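Engineer: Read off the chains here:
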Amino acid sequence: MPEIINSIDSTEKTGPVIHVTTSPHILEKGAGTRRTMLDVIIALIPVMAASVYLFRSYAVKQIVICTLSCLSAEVIFIRMRGKSITINDFSAAVTGIILALSLPPSMPWFVGVIAGFAAIGLGKIIYGGLGMNIFNPAMVGRAFVIIAFTGILGADAYSNLSGVADAVSGATPLTALKYSGIHTALSNMFWGNIPGSLGETSVIASVIGGLYLIYRKAASLEIPACIIATIAIIAGLVDLSCGHSGIFFYHHLFGGATMFGAFFIATDPVTSPLTFKGKLCFAVGVGFLTMIMRMYSGYPESFMFAILLMNAVTPLINRWFIPTPFGGK
Amino acid sequence: MSLFNFKKPSVKGGFRHGIHPPENKGLSETSKIEVVKGYETVTLPLLQHVGAPAKQIVEPKQEVKFGQMVAAGEAFISASIHSPVAGVVKNNRNVTMVNGRRIPAVVIKSEGEQVDPGLLWAEMIADDWALDRIPSYDPQQISKIIRDSGIVGLGGAAFPAHVKIAPNDKKPINTLLINGCECEPYLTSDYRLMIEAPHAIVAGAIIAAHALSAGQTIICIEDNKPEAIRELTQAGQGTSIKIAALKTKYPQGGEKQLIKSALGLEVPLGGLPGDIGVTVSNTGTMAAIAMALLKGRALTHRVLSVSGKGINSPKNLFIPIGISIGEIIRYCGGLREDACRIVAGGPMMGFAFSDLTTPVIKGNTGIIVLSKEEISEGRETSCIRCGKCVDACPMNLVPTRLAMASRYNNPDIALKYHINACFECGCCAYVCPAKINLVQLIRSGKRLVANQQALNKR
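As they're listed, the protein sequences go chains A and B.
Heads up: take any position in the first sequence, counting from 1, add 11, and you land on the numbering used here.
Heads up: take any position in the second sequence, counting from 1, add 15, and you land on the numbering used here.
Same shape as in the complex, but just chain A (with noise of 0.2 Å):
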């Protein structure tokens, strides 16, 4: 009805437009996935600056690749696939930054190049983009290569780093203890002056990033406690009954990806279940599977693999739990 409008509004002929569409009206304001990718990496950079204090040039070097491939390997598949680019959502980014952190810093420069594309292209295009993966992408990039470069990203890859100190050089601490029995002092696994792969060596940087991501609610509490909880149980039992002396526990709470992994990797929510009960499972089952990894296979630094098996069986958490109703039985 113009003609109404125009009589109502009698400024000018150019009266107001309006529109319908159906309820809510308003919508949250500042909400969005842009926001809630920029929050990861906001959480993300206490982990950055740490892992850029120990291991230097080598830090920077690997974000800088692993981010750069994940970018363009989203641009070159999005366009193939023919759809609009949707770098702009940061979830790549996220993507590359995550890869990076996940793998041990002497690694060579194209190996972080096919690790970016295999976390874009086997991880997220090929299942249809983002929110349609089943895998974590930078899983299936870190897992690509772990398995095709087992020669350079094995347990010597954390050794031979030049310019580092060299408390961040040699194995990592659940590789000493299971293989040597080496001890690591607690308080270098607090600060993250150990070897290890670039952002899981300082727990102290991943819990403050993984608080913020729960501040900012763009991770749930449930998952991150849940596993660490799991981890802590499964481990202090075993401590207790082999009479390791607390060594075992803090080892396997502190040690390995559990920090970094339990905040930034196992809530990605894509690949994490919904609802409340789904995501207690899915955690106890991450915790459970790593510990038993741990201890009994090859790779003692097997968070990813939980990660990746608990993420096949995510659609299926998912219909376990569907919540009862308000007012069901």
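In silico DSSO-like links for lysine-lysine, alpha-carbon gap of 27 Å or less:
| id | chain 1 | residue 1 | chain 2 | residue 2 |
| --- | --- | --- | --- | --- |
| 1 | A | 340 | B | 186 |
| 2 | A | 40 | B | 387 |
| 3 | B | 40 | B | 324 |
Heads up, incomplete: computed chain A residues facing chain B, CB under 7 Å, no partners named:
| id | residue |
| --- | --- |
| 4 | 27 |
| 5 | 29 |
| 6 | 33 |
| 7 | 35 |
| 8 | 37 |
| 9 | 44 |
| 10 | 141 |
| 11 | 142 |
| 12 | 285 |
| 13 | 286 |
| 14 | 333 |
| 15 | 334 |
| 16 | 338 |
Listed next, the stretches of chain B that the computed footprint assigns to chain A, with coverage defined by at least 3 CB atoms under 8 Å from CB atoms of chain A:
| id | stretch |
| --- | --- |
| 17 | 351–365 |
| 18 | 395–409 |
| 19 | 413–425 |
| 20 | 435–444 |
| 21 | 450–462 |
The hints are simulated quantities; they were obtained by calculation from the structure and are not laboratory data.
In this text, all values refer to a predicted model and were calculated from it rather than measured experimentally.
Where a beta carbon is used, it is the ideal one built from N, C-alpha and C, also for glycine.
Assemble the complex: chain A is given as a structure, and chain B must be docked to it using the hints.
Structural biologist: Same frame as chain A, but now just chain B:
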């Protein structure tokens, strides 16, 4: 259905989940209710309520008196319609209601001497209600008077009030909850009515409680309305009516959420409040019942708030039912240049419409004109399964699953995830970071499920 049967702890007396949208009630909450006068034509659609349409009982060119019944609600779930003016019946016309339905309407042109609506309003805000007369009424008689007066739920649902406010031997009611939450942002009509006509609400509540033989009557108000709580507490002194302040949270005024918050009870899935001995009705409905019983007035006028940043002067109005929304907008100074969407009802559950000749109906709580800055539109992106909708849903559903089941035509999954428990409050779509229109998808999903079930029956 679930493997482990433990529940997340819930706040005692409160419902779980829900959201806190900006209230924006400041635009109109301080404006006193104004009586709108001097209207020429009213248009009364024959279906303004839930149920069967009313049957027209006047002919074109016939003269009608103020308050005369022009259409009779003959079915049990239906409501009669009365003329808010004295005048002459014109030819019927079909009107597009705000929900998009085309409904035939009785048109009445006002002629001759009119009853001043100011008089009606003065009766409403008076405090001389003959409360001592109430016990002498027979409960069935109360229900009949409510029916004859065409009263429906004035909080938005427009369910015929005589169906709810009637003695029921099979399902006796022990608690009557009066809903004064007004949890939708912007709306202030119930709030102003509670402040300006608290005695009418209390009188109506006593009548309704008597009709139901309800043991307790509680008026529930969100704690962001302390003035309303104070006025009603004062007006309710010396009566058995209790006032409860509830946490300000959307959708606190949802029937099932309100019962949970006020009484700690859950209405069974697919059931009605009556199943657990509770009846919920709105404050405005109570005032209308008091007017019908104690002052002999049928439902012809109601309080309506006009708000939003797209209207020049937000107001609360006492208007005749059947006045066109365009006239109301003109009365409130017209639209502003940046007005962008006109909504009948609140912004969370109301209907957007564009035809300003649409009449106000009984269930209209407000007209909200939103400006460009208030509505936020974004391009839809992929669901990243963040679970924000799950954490917002007051019915404890998984909205993203329901929406995707609907989008990909899968009624089985939609049913498995309890699609029919959704009452379309809009919390999920409000919080969705991917800007997916979850409510619309779920609505079409319900249709999909209904079609599927109809097919299976055949």
